[in-house]
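Visitor: Take a look at the letters that make up each chain.
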Amino acid sequence: MGAFAYVAPSSVAEALAVLDEHASLGKRAQVLAGGTDVLVQMRTVDTQPRTLVDIKGVAETNRVDIGATETFIGAAIPSAVLNDNAELKALFPGVIESADLIGSTQIQGRASIGGNLCNSSPAGDTIPALIASSGVCVIAARGGNREVPVEDFVSGVGTNVLEPNEFLIGIKFPNPAPGTADAYLRFIPRTEMDIAVVGAGVSVTIDENGTCTAARVAIGAVAPTVLLVTRASDALVGTQLDDTALEAAGVACTEAASPISDKRGTVEYRRKVVAVLCRRATAIARDRAKLRVRTKVR
Amino acid sequence: MSEAIDYKVIGTRPIRPDGVDKVTGRAQFGADLNLPNMLYGRVLRSPHAHARLTRVDVSKALEMEGVYAAISRADFPENPSDLGKNIMARDKVLYHGHAVAAVAAKSLICAEAALALIETSYEVLSPVLSLDEAMADDATLLDDECFTKNLPETPDKPSNIAAVMTLSRGDVEEGFEQADVIVEGDYNIPMAHQGYIEPHACIANINESGQGSVWTCTQGHFEFRALTAKVLGMNVADLKFIASEIGGGFGGKTTIYLEPLAVLLSQQARRPVKMMMTREEVFRASGPAAGTHCKIKVGARNDGTITAAKAWLAYEAGAFAGAPMGPGAMAVFAPYDLENFHVEAFDVLVNKPKVAAYRAPGAPQSMHAMESALDELARKLDMDPLDLRMKNAASEGTQAPYGPKFPAIGLKECLEAAKVHPNYTSPVPEGAGRGVAVGFWFNVGMQSSAEVHINENGTVTIIEGNPDIGGSRASMCLMAAETLGVPYEQIRAVVGDTESTGFSNVTGGSRTTFATGMAVIQACEDIIGQCKSRAAATWGVDEDQVEWEDGQAIPSPGVNADVKPLTLADIAGNAAKTGGPLLGRASLNAQGAGASFSVNMTDLKVDRETGKVDVLSFTAIQDAGTAIHPAYVEGQMQGGAAQGLGWALNEEYIYDKDGVLENAGFLDYRIPVASDLPMIDTQIIEVPNPRHPYGVRGVGETPIVAPLAAAANAIRDATGVRINDLPLSPPNILAQLDNA
Amino acid sequence: MKVVFPDHLLQHTGGEREVELLAVNFRELLLALDERWPGIEEVLAKCAVAIDGQIYQDAFLEPLHNDSEIFFMQRIEGG
Amino acid sequence: MSKVQITSSINGESVEFLCEPQQSLMEILREELGRMGTKEGCATGDCGACSVLVDSRLVCSCLILAVEAEGKEITTIEGIAGEDGLHPIQQQFLEHAALQCGICTPGFIVATKALLDRNPDPDEETIRYWLAGNLCRCTGYDKIIRAVQGAAKELAHQA
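Protein chains in written order, with the working numbering: chain A, 1 to 298; chain B, 1001 to 1740; chain C, 2001 to 2079; chain D, 3001 to 3159.
No wet-lab data here; the hints were simulated from the structure. Nothing here was measured: the structure is a model prediction, and the numbers come from that model. Watch out, some of these pointers could steer you wrong.
Derived list of chain A stretches under chain D, where covered just means 3 residues or more per stretch with a C-beta under 8 Å from a C-beta of chain D [unchecked claim]:
1) 35–41
2) 185–193
3) 274–285
Ideal Cβ placement from N, Cα and C applies to all residues, glycine included.
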């Protein structure tokens, strides 16, 4: 039986070399960021030895870079740090509130967007928000970085497109156009500490007349992977984002959902509540967007 | 309410004697002791809910480097009791997580690895997972030797119904005929766990001859010693049990799980063995509260007088007999003065962990059904729900449904207080609903011992045998201070081990402040008697010429002695000359614990689109008898309210079809978190218990009873829909609202 | 004095729910009952008893009066 | 298995220890270093009993590998009281009877310290949400929230 090992590379190249070496020898390596999922899994469902590759020492994974046209958020930054970044919060309130919803204060001291995404749970809180805001995964690979839209990153329950010798450096987003804002809501039975039973991330753009010109709606915990629901977007674009439009988007979400019944909720419950959250999140995004119609946030 | 007695220190709120150690991290709980040369023990648990255990062989694990002991059923005495079989599976495993073997190794990592080397084989049987399945005529049997107890004649074939119990008075059918209005309901509650934050943990250090000590987190180390000795066929005198600080129990730490394993492993390894359950093991393999199915029928006249009540109560015992159906049956109608009633209760085996006590065991489930039915009755009668209860309320002299006439009780006082409480008289917040319910628990006395040592400077050390879970050492010090007439700060209370003080039953049944308190008071009275005699000797007067007042000996009025009063410190300082150290003691079997009633009310708001419930307010009113330390009485009421609300709203054991618990962790076993609750208002009603020197009743259990129905009734009020089954989780609520 | 049995004990009393007896204390009462229904003492020893409204888990030495009311009941434990 | 040597600062004191790569900081604090004030309630980050500060940030020590503590400054419950005695938070927990069994208390006190260090005057809702990751099964939270409010007042008074 092998043993656990721990390495903490300090550069992208070093991290890739470690991963590559393990991949070529057929040895198991797992990337560690905040560890709030990895450590729990190591202790419960997957106790097998492996090398833990802690990427928190890689500078790029800890960088927040708010540029003229796009914003980059490092994969390993704890939610609590993101939440303290007022500029980021103003730009992508939905993304930051999704990060802020992961677990308790203690969990947020460690848990990262990158980890949440790479854990690839259908209920991952940040994923619908990242998709709604058109996030793109920046993946370190041997031949150089490659980019994958977040909606194409997760391939199934707990699986994603990362090769064994790759890792996620961060997510980049186009900065919101004038009249654009996002929002994220999730449903849990308590007020805190639960895994999403249903989640909905929405980003909308409205023009000076209040007409919706673009929309992205992503829903979580209602299918094996988080879904980008284009029919919900279609139901919103061209409308005033009034109750009828929101209702129609909700119905589209219910129709797109293919949930399971489990300890956290039933099929019927999830199908119903996903519509409610889509409506409510869209209303929040709309109200935020109205405040920004004439001003670009950056 | 009776007249207020002018106590000097009882009723004040001093800082508890164990407080500083607990806020600085010094207090030692079950897992907080490490001994030199110590090993770590781990348990191999059944992957099946119901199976014949055809083989278990630990020899390969024992060969592993770093492993010093390994045990299985072969290492235990023959003809085990149910408890013995629960500690270590014999011919069958009866729930997922049932212990089948254990190892002790040099590290946790090594012990964990050794478990993988234990060889087992099973012949899997179909699991029995619900009361309906278990009680069916053609049910798969957990135990072929289980013949229903308490029937007029022992049945000729075995079943999963371990016992039945009935209680009745009058003629219910005639009573229902007299009724103008009848309500009926059918209520289900799944198993729920006590959810103490500290997992079970212990260390055993046993020598070659089977003598040694066990450090453990327990609600009663004397009873743990007795149970452990019994399971292992050992002599209690060979085992010293030391109670660590205990991180919550709520009934769940009144029985043993790890201790016999640690003792055997330690004896085999000849080294100390520490065992700690993981949180997952706590959920899978310690005893939760029984799941229940209760049917209630109540009839009343138009004026609200209940003419008949009928209950059918089925309790899940888990793998072995012993669900609290008896107290559940005796409690269900206890608050009311009924002429005609009939109660039938069942103790039913299912392939789930053996249930353990949980705060007022049995009562929350049955009384949820009754208090829900009464809410419906009040609606049908168009009567205020508190008035309906007042109309039928038991009071002193009422014949309790379980037999005797009630002595002085405080139910009516609680109802009166509720009626004028702002949480009841204020308008119901927009969109919310208000629910009320009554709670009850018997409370018990039982055996306690206490010693009171007067130190050479007049300070006082109390040694008692009850682990302190919720501040009982502070209460003991208060009662001793009141009795001796010395300041609280001069007194320390210590929980002694099984070799340093006399036997005491568990800290449970709301008995500690009542019964152990009584022992402390008597021991203090013993000290006072001795002090009077020492003072008499010092002064050269007769003993009956000395009185004890405000912590000092004084000459009785009229006695002509020109002497200065002698304080406790004076007498202690001079003790060598007057007969040696001062030691008072008492041991007793306390009788006459007073029943405690409560009224709870809560305002809840329901999100009709998601089924989510917001708790806007909660008020707990309870007759506690005299509140010795009111802050800890309030704490019991608030904690019980939170647990009851958790059970009402989100807590439940969720099983898959194979009998595997799906939510064995605090992530999905959802106890209330701080942001789920409002401040919990409390009102202590003090109707003193005449059978206790200071009027103590017992407080800890009643508070969990009423919140279940109070919440259900509030949701009924908010939504117009009666939801009979708990928990009132969002999916359940939404489904019921849609069905309505 | 009046002695009352709960339903689950009726199998031991031949269905009799209530009897009148005389005894100066509980110990003597148990002996008297056992004389009437041999073997019942062992069963009753596992019960709690209410004497004139007060519940006793163990009443062995409690004094009784001619007008006492005695109810046998299941023992209560707690959490 | 090869153990790793780690150097951290625990409550201001430099501490060296050996650990397996998969061992949590909580396990090392308790089983190797004897810092038993940090409690284990779940080992999965759900109860907060093992809360510590790592470089001033509130985290669950069960969800950090001990190897990750290299070079970090760790504050545990044992480091909360000052040289002059109890910290006002500890004092307020005592005075408000904000503990019953006391197993969750160290975690609550460490978490409260982290809260009041960044927000000296939190409202009730802020306190409740900040402490949502600290489970208490005894108190119903009422007296804990009041103790935190009392501590905030006391600290403001001292400042």
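Visitor: Against each hint, give a clear statement of whether it holds in the structure.
Guide: Do the hints match the structure? See the list:
1. 35–41: holds (count 4)
2. 185–193: holds (count 3)
3. 274–285: Since 0 is below three, the answer is violated.
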